[in-house]
Amino acid sequence: DVKVTQSSRYLVKRTGEKVFLECVQDMDHENMFWYRQDPGLGLRLIYFSYDVKMKEKGDIPEGYSVSREKKERFSLILESASTNQTSMYLCASNQANYGYTFGSGTRLTVV
Amino acid sequence: AQKITQTQPGMFVQEKEAVTLDCTYDTSDPSYGLFWYKQPSSGEMIFLIYQGSYDQQNATEGRYSLNFQKARKSANLVISASQLGDSAMYFCAMREMLTGANSKLTFGKGITLSVRP
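Protein sequence lines, in the order shown, are assigned to chains Y and X.
Quick note on numbering: the first sequence equals residues 1 to 111 in the working numbering.
Quick note on numbering: the second sequence equals residues 1 to 117 in the working numbering.
Some hints here could point you the wrong way.
[As the list claims (entries may be wrong)] Okay, derived cross-link-like pairs now, DSS-like style, lysine-lysine, Cα gap no bigger than 25 Å in a straight line:
| hint | chain 1 | residue 1 | chain 2 | residue 2 |
| --- | --- | --- | --- | --- |
| 1 | Y | 55 | X | 73 |
| 2 | Y | 55 | Y | 71 |
| 3 | Y | 53 | Y | 70 |
| 4 | Y | 70 | Y | 18 |
| 5 | X | 109 | X | 70 |
| 6 | X | 70 | Y | 57 |
| 7 | Y | 53 | Y | 18 |
| 8 | X | 109 | X | 73 |
| 9 | Y | 57 | X | 3 |
[Stated by the list, open to error] Output of the computed footprint for chain X on chain Y, the stretches with three or more beta carbons under 8 Å from beta carbons of chain X:
| hint | region |
| --- | --- |
| 10 | 39-49 |
| 11 | 85-96 |
The set of hints was computed from the structure by calculation and includes no laboratory data.
Virtual Cβ for every residue (Gly too), placed ideally from N, Cα, C.
Please model the entire structure based on the sequences and the hints provided.
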């Protein structure tokens with residue numbers, strides 16, 4: 001069964017910490033995406049990548065960075081976590097113009 | 001302007017009845033795709049159905065069908081014979097093929113559906 005795996009289901013971090021959210025896909029997909037989901041706001045795109053070492057800003061990149069050193073892995077980095085980054089983070093991947101396959105999400109709480 | 005609009009408040013439906021979840025979209029791209037996803041309380045996003053802008057017929061997948069009205073820019077999801085397991089949040093999303101970058105999807109804010117026994 002094809003999969004997108006997010007390393008943590010729940011995460012609690014302190015304000016100011018550097019946080020890494022990891023996402024791995026086993027489908028050899030070119031494209032990978034990071035979204036955050038907040039009540040009443042839906043899913044908003046943070047960053048995406050269409051190839052190794054390539055990245056593009058989404059709609060809300062401020063406070064985040066990403067890394068894609070290998071095709072299967074796309075990491076979201078919060079350089080200095082803040083309470084307004086408490087959210088559900090969803091990783092997804094796809095090939096060409098096909099639909100997304102999503103990971104199960106990481107619920108991050110910054111205290 | 002929002003690209004995807006889902007304005008219904010929480011929706012309720014009786015088990016075994018049909019329900020329509022509304023979605024309107026805004027694009028100037030002549031080539032686009034519309035998606036519906038389901039998110040149960042467990043959090044995973046489940047793909048339900050896809051409609052391409054040039055598709056001649058409305059998409060159907062089992063109990064799901066998409067009422068695609070291109071001129072009105074609406075892509076409503078119809079769930080027939082609702083089941084208790086249909087209780088979830090539902091998201092409409094769009095991909096713009098020509099103007100959009102690298103197959104990214106733009107999502108609406110979602111609609112919560114509750115199925116009553």
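- Among the hints numbered above, which are violated by the structure, and what are their numbers in rising order? Numbers 1 and 6, in rising order.
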